[in-house]
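Build the full structure now, drawing on both the sequences and the hints.
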Amino acid sequence: MRYLFIISLLLGCFGIELNAQFTLTKGNQVLEVGAAFSTYYNYRFYPTGTTDLKKNRFRLRDAQFRMELRNYPSWEARLDVDFAGLVTDADPDEAPTANPLLNDAYVVYKAPFGVEFTLGYQKVMFSRGSITPIFRNAFIDRPAMTDGSLFHRRDVGFSANYSFWKQRVRLYTGIFNGLGALSRNNDPSGSLSWTARADISYPARYRYNDIDLLHVPIPMLTLGTGIYGMKKGADLILDDEYILAIDGNKIHYGIDLSFQFMGFSAQAEWLHIRSTPNNTLSTLLEGKDTDYIRSGGFLVGCNYFIQPIKTAVSIRYDDLNPNDLRLTDTQRSISFGLIYYVEGQDLSIRTEYHHRLSNWKSDDLRISMQYLIW
Amino acid sequence: MRYLLVIYLLTIFYVFGYSQTNKTQLTKLKPIKKTVIKIPEPSDICVNTTETGFYIVSDNGYLYETDLNGKVLKKADYRGADFEAVWVNTITNEIMVSDESLRRFEVFNTDLTHLRTYTIAISAGRNEGIESGTFYKAKAQHIVFTEKNPAELLTFPSDIDRGKKTQYKIEGIQEVSACTFYANYLWVLSDEKRIIYKVDYPNNKKIVTAYSIPILNPEGLCFLKDGSLVVVSDDLEKLFFFTIP
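Protein chains in written order, with the working numbering: chain F, 848 to 1221; chain X, 1013 to 1257.
Read the hints as simulated data drawn from the structure, not as lab findings. The reader is advised that the hints may include incorrect statements.
As the list claims (entries may be wrong) - Calculated lysine-lysine pairs in the DSS-like style (CA-CA distance at most 30 Å, straight line):
no.	chain 1	residue 1	chain 2	residue 2
1	X	Lys1040	F	Lys873
2	X	Lys1040	F	Lys1013
3	F	Lys1013	X	Lys1217
4	X	Lys1086	F	Lys1013
What the hints assert, rightly or not - Footprint (simulated), chain X over chain F, 3 or more residues, beta carbon under 8 Å:
no.	region
5	899-910
6	916-924
7	962-976
To be verified - Examples of chain X residues lying across from chain F (beta carbon under 7 Å, computed):
no.	residue
8	Asp1089
9	Ala1093
10	Ser1113
11	Leu1114
12	Arg1115
13	Glu1204
14	Ile1219
15	Val1220
16	Pro1226
17	Asp1247
Computed from a predicted model, the values in this text were never measured in an experiment. Glycine residues also receive a C-beta, built at the ideal position from the N, C-alpha and C atoms.
Here's what the structure looks like:
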């Protein structure tokens, strides 16, 4: 631990001027190449007597390589690979999109009438907490509510988005395989999932960013809502509690809100899921007299960016009930975070502490560094 | 123990981070007037050649001419990729536009007809290329800035094909979104900090004064004949007018 203190001390002294991604141009084409790295050390406060201390370790969270090609004015393509996904001991209970090898592989066409069409492996535009890039997030890991444990954050499919009113209103819709991770075939149902999202911002467009680094001079607000439906032919349950997919119908509803003004920012999100198994005797129903399961929760976070010391402080409360038919599995956490921006968002050092309420897991302390060239 | 860790790290960051703060004294400005403009994502502005209106460029690659209230009078047929800077070469009376992503200067005449293109080799991220430009008539120079990482001042002769560029770094300016010459000073706008720096150019190239403006995403600035400062906001698609004290 003491070595981590010394390392953080030394890193805090640096004033490094970092460079952006590399760019090549040819006619109307622009190719950008960039990379992003993040590594953290996690220390879990296991109860006395615990012998399996596997979560006390360094973890390479991100080792991303990204290429973006733009062929102005109408075409774009992105390839984003995360070599941190090459883990040899992948946790089968972890969400498939928690550490994928492939983040993005898609092509975009920008039609003259303002709609953008995207085809390929891409983010599913449903939840703000899921859409916000991890490097723009207040914490290095998302809570289970938005980390891909309850719905697929990425999938292969086709989507369209349109914005108007000076990009204050954004509309998205998409259809996907409904499997999340890459797969040669669909599941036996052969059916697709679908999603739709709308968000409105005022008085100007609102970017997906948790921390108000710019200390915006006017109050800004964004409100979003999404719906995500799927009807698949196989159950996919993580860690015996998170219902990611079901042999039956699953529909997700979400509402999210974000606010920022003069360095202060806040986010809130509510998620509700209704899963209806085809098999009325499914073990997921816990033998109860019902034909569906409800899951969901909410999170609330507040942040403040202290400009003179380039540091953001954050606090987040998240509350998740993975299955309302089980009475004792509610998960609540309160998290505290500190981000020191050595050089803007290109180089930052984070410390965060996750305190688990309701004793569903031990507390975690995490120290990380993020380095971006993009 | 856990709480002591948080306090410890906070203290470290405060002690070492504070030394890196920008201590330039700021004068706060407030807008005296604002107008909405029907130009999507405006990214720079300059006064037109007759000083009866503005040239404004947008992120989607178009050049517009407006009246002094921002009402669009004309739009160029030529479309670029990502126009980020506009200024007038006051020797040739040509309109210069920087296409940041494609690393080009596009040249237009005063009826917004596209004349020619220069390709400029810049080593920077796609969205951190030449973000601003102005013309220094006394030395027949184009002055442009790369946006950041690094924010550098580059000079080109009036005839860009001739001669080579020179590069300077202005101490205290880390990010630039617009610049202009007025009253024998170089005025440089940083949209991330929402500060306008008045720089003594070409003498010692130091910041003389700085002004803070309470405008969301300010991306262009220019001065009118009467000394009024005009700033264009990209996100709000508005012009804001100020009086400099």
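Evaluation of the provided hints:
1. Under the criterion of a C-alpha separation no larger than 30 Å, the hint pairing X:Lys1040 with F:Lys873 is inconsistent with the structure, at around 43 Å.
2. Taken as a hint, the X:Lys1040 and F:Lys1013 pair is honoured in the structure, with Cα atoms around 28 Å apart against an allowance of 30 Å.
3. Of the pairs offered as hints, the one joining F:Lys1013 and X:Lys1217 is violated, with about 38 Å between alpha carbons and a cut-off of 30 Å exceeded.
4. Restraint check: the Cα-Cα separation between X:Lys1086 and F:Lys1013 comes to about 20 Å, which is no more than 30 Å; the hinted pair holds.
5. With a threshold of 8 Å between beta carbons, the proposed coverage of the region 899-910 of chain F by chain X is violated, since 0 of its residues qualify and at least three are required.
6. With 3 residues bearing a CB less than 8 Å from a CB of chain X, the region 916-924 of chain F meets the requirement of three and the coverage assertion stands.
7. With a cut-off of 8 Å between beta carbons, the region 962-976 of chain F has 0 residues touching chain X; three or more are needed, and the interface restraint is violated.
8. At about 14 Å, the closest approach between the beta carbon of X:Asp1089 and any beta carbon in chain F exceeds 7 Å, and the interface hint on this residue is violated.
9. Contact between X:Ala1093 and chain F, as hinted, is supported at the beta carbon level, the nearest pair being about 4 Å apart and thus within 7 Å.
10. The beta carbon of X:Ser1113 is positioned within 7 Å of a beta carbon in chain F (closest approach about 5 Å), and the interface hint is therefore held.
11. The beta carbon of X:Leu1114 comes within 6 Å of a beta carbon in chain F, closer than 7 Å, and the hint placing it at the interface holds.
12. Satisfaction of the interface hint for X:Arg1115 is found here, the shortest Cβ-Cβ separation to chain F being roughly 5 Å, below the 7 Å cut-off.
13. The closest approach between the C-beta of X:Glu1204 and any C-beta of chain F is roughly 6 Å, which is under the 7 Å cut-off, so the hint is satisfied.
14. For X:Ile1219, the interface hint is violated, since its Cβ never comes within 7 Å of a Cβ in chain F; the closest pair sits about 19 Å apart.
15. The restraint placing X:Val1220 at the interface with chain F is violated, with a minimum CB-CB distance near 23 Å, outside the 7 Å limit.
16. Nearest Cβ of chain F to the Cβ of X:Pro1226: about 4 Å, under the 7 Å cut. The hint holds.
17. Because the smallest distance between the Cβ of X:Asp1247 and any Cβ of chain F comes to about 4 Å, under 7 Å, the interface hint for this residue holds.
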